[in-house]
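S.K.: Residues per chain are reported as follows:
Protein chains: 2
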Amino acid sequence: MTRLSELGESAVLRRLLAHRRAGSHEVVGPGDDAAVTKITGDLVSTADMLVEGEDFTRDWLDWSRLGVKAAAQNLADVCAMGAAPHGLLVSLAVPDSTEAGDLEALFSGIVTEAERAGRELGCTVPIIGGDLSSSGLIVTAITALGTVSAEEGAITRSGARPGDEIWLAGTLGRAAGGLDLLFAGARPGDDLPEGLASLIATQLAPQPDYAAMAHRPAASAMIDVSDGLSTDLGRIADASGVHAEIDRTALDDLVAPLRPAARYVLAARAADGAGGDDAGAGGAVSDDAVEALALHWVLDGGEDHGFVASSPVSAADPVGWRRIGEMQAGSGVGLDGAPVPTSGFSHFGK
Amino acid sequence: MTRLSELGESAVLRRLLAHRRAGSHEVVGPGDDAAVTKITGDLVSTADMLVEGEDFTRDWLDWSRLGVKAAAQNLADVCAMGAAPHGLLVSLAVPDSTEAGDLEALFSGIVTEAERAGRELGCTVPIIGGDLSSSGLIVTAITALGTVSAEEGAITRSGARPGDEIWLAGTLGRAAGGLDLLFAGARPGDDLPEGLASLIATQLAPQPDYAAMAHRPAASAMIDVSDGLSTDLGRIADASGVHAEIDRTALDDLVAPLRPAARYVLAARAADGAGGDDAGAGGAVSDDAVEALALHWVLDGGEDHGFVASSPVSAADPVGWRRIGEMQAGSGVGLDGAPVPTSGFSHFGK
Chain A
1 MTRLSELGES AVLRRLLAHR RAGSHEVVGP GDDAAVTKIT GDLVSTADML VEGEDFTRDW
61 LDWSRLGVKA AAQNLADVCA MGAAPHGLLV SLAVPDSTEA GDLEALFSGI VTEAERAGRE
121 LGCTVPIIGG DLSSSGLIVT AITALGTVSA EEGAITRSGA RPGDEIWLAG TLGRAAGGLD
181 LLFAGARPGD DLPEGLASLI ATQLAPQPDY AAMAHRPAAS AMIDVSDGLS TDLGRIADAS
241 GVHAEIDRTA LDDLVAPLRP AARYVLAARA ADGAGGDDAG AGGAVSDDAV EALALHWVLD
301 GGEDHGFVAS SPVSAADPVG WRRIGEMQAG SGVGLDGAPV PTSGFSHFGK
Chain B
1 MTRLSELGES AVLRRLLAHR RAGSHEVVGP GDDAAVTKIT GDLVSTADML VEGEDFTRDW
61 LDWSRLGVKA AAQNLADVCA MGAAPHGLLV SLAVPDSTEA GDLEALFSGI VTEAERAGRE
121 LGCTVPIIGG DLSSSGLIVT AITALGTVSA EEGAITRSGA RPGDEIWLAG TLGRAAGGLD
181 LLFAGARPGD DLPEGLASLI ATQLAPQPDY AAMAHRPAAS AMIDVSDGLS TDLGRIADAS
241 GVHAEIDRTA LDDLVAPLRP AARYVLAARA ADGAGGDDAG AGGAVSDDAV EALALHWVLD
301 GGEDHGFVAS SPVSAADPVG WRRIGEMQAG SGVGLDGAPV PTSGFSHFGK
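In order, the protein sequences belong to chains A and B. Position one of the first sequence corresponds to residue 1 (UniProt numbering), numbered consecutively onward. Position one of the second sequence corresponds to residue 1 (UniProt numbering), numbered consecutively onward.
Next comes chain A alone, as it looks inside the complex (with noise of 0.2 Å):
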């Protein structure tokens, strides 16, 4: 039990970059005033953070899953430009107070994502930099970079086209899920009904499905889904000018799983006093109570990063991807010809 004022930044530093390992590719690796790497075809570039007290808690922090979350958060953007991810840039802010094996706990973590992300895609990940900084405040912001070649570009959100199908990689609603039954009180070590771990494990440490993309449709947009697919499918459809329709029957396999949860997650809210009308006199949940609170996580939870994509119709459907809807004309997003208000996450209070 060594806190990190007992080490110095030097010591610390040693401690980390010893999980690291390094790519073919780096000239110049960690340890000067910048590293250098060789790279091939167009850079793809994106940067995010997570702050305690925003995006966790350190009532459910887990060092090592918010390591796998930062860098999953990152690579997933990489890969949902159709890019293949070149290297992490890590910088990490923790208190003067923390064990040193906690903070190792979270650079470990992202190697360990960026490792299978690497392993999925064929290629090596490393992290090629960053910082290390004491705050108040735990902060991790993390630069992922990629590359794309010149000739195929990159996909963006704009080039869906009426008639493209809308095509799904990965899950919808577990991270959501995840965080309202932690938001109730259930923590990973609970002796819970089954599945439910599993979501909070998702919310914790989501693991996007980098291997969908060596199947990938001839994608005309993608997204990766990080704010809800209400909100990011409406930003392929702003961007492209079209309308995208959901299918509610393609969604079926992603409510059905994440009931239990929200059966857990309203009883919890009644015995609480807070589940007004969901719950009737003995903490009673309905069942369209409980398909209303599966459906929005699957509609409108994000941070499971799975990937949406549109693609002109083919004969052969994208092995490892589902069918959800199709491009219409129009604008806006819909279900079953009803409109799905976008209602992601918004910093700022909105």
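Note that these hints are calculated values from the structure, not bench results. C-beta atoms are modelled at their ideal positions from N, C-alpha and C, and glycine is treated no differently. A few of these clues could be false.
[As the list claims (entries may be wrong)] Covered by chain B, according to a simulated footprint, are these stretches of chain A (three or more residues, beta-carbon under 8 Å):
(1) 113-125
(2) 143-152
(3) 209-221
(4) 242-251
(5) 304-316
(6) 319-329
[Said to hold, decoys possible] Sample of chain A residues with no beta-carbon within 12 Å of chain B, all distances over it, derived:
(7) ALA35
(8) SER64
(9) ARG187
(10) GLU194
(11) LEU196
(12) ARG263
(13) ASP272
(14) ASP288
[Said to hold, decoys possible] Computed Cβ-Cβ distance ranges for the label pairs, DEER-style:
(15) A/THR57 / B/VAL313: 17 to 25 Å
(16) A/THR57 / B/ASP247: 30 to 38 Å
(17) B/THR40 / A/GLY136: 40 to 48 Å
Following the hints, complete the assembly by docking chain B onto the known chain A.
M.R.: Positioned in the frame of chain A, the structure of chain B alone reads:
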């Protein structure tokens, strides 16, 4: 006076991006999952954070200058590799209660410094991406990207050889003097003795001498002085396996202008009862103490972001650089023959 919480993330982003100018090498700018840029040569990348309470406090927070400082420290790292900046990824975390105009000033300060670097270096340095988050503390996390020709390669810390001359571009000690002035209670708007306000300005918003890169010596090693000459020159000495010998008289022109500030700081400390042996009766401050503090700032103070390079002896002196010593066989850093401890800044209390 509109707070971020009244605007919401999308409106805040629109305001910030109005300050941005696109670079000619951008293929996909902000607004997609990731940015795409055309790149030539090897990729140079570096990331640095500034954290409230660690790197600055609200006592002397100037949003615009914080932006300049955040950009400058990253751009200087790119330049110190002999590279040309390519763009910045800007992640900012601020409280919900922040005035929108303050966040705009922060972002605009970053843009201003990136554009200054671009002008001095003859390239465009757009903000190509980033992230925005709500946070209990103000945090800036910037990634600077750059390029270096694969044939010429980057200038690392490890190429210095005995006999090389040591060159400095820019200043030393000014930001450290400014920091001690701030700790002593001086503020930018105060009626201060001549020259003191400009030291505080350097602390709040350092202005690296990017233009010196056009005339730099044929460098065997180079570093950006962010942690102090003693520490950063020590890093070159360590990486290169040489001894860096500083010529004290070469520092005279750097030390002399700092004397009034050193006298002010020591007198303030004496008046506070913290002067110890530095001050006699009535708060008089000895010339020796003044000289020692001014030299300490020059030797050990970082954050001016001067550039130090080693270079084989050549017929012509590089314009805009000053010779401050030479590399010798051995190890460590010396000043006129006496060993200099490397006492630069370290996070986590050591």
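S.K.: Looking at the structure, which of the earlier hints fail to hold?
M.R.: 1, 3, 4, 5, 6, 7, 15, 16
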